[in-house]
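Please put together the full structure from these sequences, using the hints given.
Just so we're aligned, residue 1 is where the first sequence starts under my numbering, counting upward by one.
By construction, these hints were calculated from the structure, which means they are not laboratory data. Here the structure is a predicted model, which means the values were calculated and not measured. Ideal Cβ placement from N, Cα and C applies to all residues, glycine included. It cannot be assumed that every hint is accurate.
Unchecked claim - Per label pair, the in silico range of CB-to-CB distance:
(1) Ser19 / Leu107: 28 to 34 Å
(2) Ser19 / Asp158: 50 to 56 Å
(3) Met176 / Ser33: 51 to 57 Å
(4) Asp53 / Asn245: 37 to 43 Å
(5) Ser6 / Lys64: 21 to 27 Å
What the hints assert, rightly or not - Okay, derived cross-link-like pairs now, DSS-like style, lysine-lysine, Cα gap no bigger than 25 Å in a straight line:
(6) Lys168 / Lys205
(7) Lys118 / Lys153
(8) Lys121 / Lys188
(9) Lys153 / Lys223
(10) Lys121 / Lys83
(11) Lys135 / Lys168
(12) Lys153 / Lys188
(13) Lys118 / Lys98
(14) Lys98 / Lys135
(15) Lys168 / Lys153
(16) Lys118 / Lys83
(17) Lys165 / Lys153
(18) Lys223 / Lys241
(19) Lys64 / Lys25
(20) Lys64 / Lys54
(21) Lys98 / Lys64
(22) Lys25 / Lys9
(23) Lys25 / Lys63
(24) Lys165 / Lys135
(25) Lys121 / Lys135
(26) Lys54 / Lys118
(27) Lys118 / Lys135
(28) Lys229 / Lys188
(29) Lys83 / Lys9
(30) Lys135 / Lys188
(31) Lys54 / Lys98
(32) Lys54 / Lys25
(33) Lys188 / Lys165
(34) Lys241 / Lys205
(35) Lys168 / Lys118
(36) Lys83 / Lys63
(37) Lys153 / Lys121
(38) Lys205 / Lys188
(39) Lys168 / Lys121
(40) Lys118 / Lys64
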Amino acid sequence: AVVYTSLIKNFIRWGRTHSGHEIYKDMVQRGCSPDIILYNVYMDCSLRAGEIDKVHDIFMEIKKHGCVPDARSYSILMRGHSKSGNICAASALFYTTKNQGYEPNALAFSIAIDCLCKSRKAYEGYQVFEEMRAKGHSPALVTYVVLINGLVKELQLDKAYSVFKQAKTQDMLLNMAVYSNLINGLGKVGRINEAFLVMEETVQKGLIPNMHTLNCLLGALVKSQEINKALECFQSMQDSKCTAN
RNA sequence: GUAAAACACUG
Numbered sequence: 001a002v003v004y005t006s007l008i009k010n011f012i013r014w015g016r017t018h019s020g021h022e023i024y025k026d027m028v029q030r031g032c033s034p035d036i037i038l039y040n041v042y043m044d045c046s047l048r049a050g051e052i053d054k055v056h057d058i059f060m061e062i063k064k065h066g067c068v069p070d071a072r073s074y075s076i077l078m079r080g081h082s083k084s085g086n087i088c089a090a091s092a093l094f095y096t097t098k099n100q101g102y103e104p105n106a107l108a109f110s111i112a113i114d115c116l117c118k119s120r121k122a123y124e125g126y127q128v129f130e131e132m133r134a135k136g137h138s139p140a141l142v143t144y145v146v147l148i149n150g151l152v153k154e155l156q157l158d159k160a161y162s163v164f165k166q167a168k169t170q171d172m173l174l175n176m177a178v179y180s181n182l183i184n185g186l187g188k189v190g191r192i193n194e195a196f197l198v199m200e201e202t203v204q205k206g207l208i209p210n211m212h213t214l215n216c217l218l219g220a221l222v223k224s225q226e227i228n229k230a231l232e233c234f235q236s237m238q239d240s241k242c243t244a245n
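Written as structure tokens, this is what we have:
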């Protein structure tokens, strides 16, 4: 199985996906039993190669051949569903995994959060995030960013802000894009004062607001009819040679 | 012999 794994991996990786599939079939025909590592590699490679439907097919093969999917198998399948837009399946899978008795590790949590945010289910992503923290895992910077951006997109500003605060207490170095995003979201729901606070914070942190940031702020100000401040902001944009829209 | 991943206004 080790040899077959390597063969399948390399064929698919180098674009010879069809040969990869043939090797798998051949292996089965010859009575050689695939193991779970082979299946995980096979699914992962197919996913990267863009054969998303294949991921699901392979997953089905696992049980058919008397293997038991492990936590990684579920994570890969989840990525597949999220990539193909199968939103319901993606979000259900995380719970299925747990029901199978697997305790997700930090990576499994992160993948779940990422998939959920991409499926526009940031709310669920947030729940998974809370669970992750409760279990004592430390999310990576990207996980915070993905979640904050996802929540902002769905205008869940309370949650976004909460995650934002938590990121800071973990000394995460959030970049300007995240701040701009948050300002944008706060502006959209009319929380202009908070948008300003966030703006001031960027300055304190030594981050340099760019044209995206200022445009976000400008949009927020116009929306809340703070014309004077909008003009002020517009002025400072011109001073810093940013282009307004 | 098997892990993933993101980002910004307006249009």
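Let me make sure I understand: some of the numbered hints might not hold for this structure. Which ones are they, in numerical order? Of the numbered hints given earlier, those the structure breaks are 30, 40, listed in rising order.
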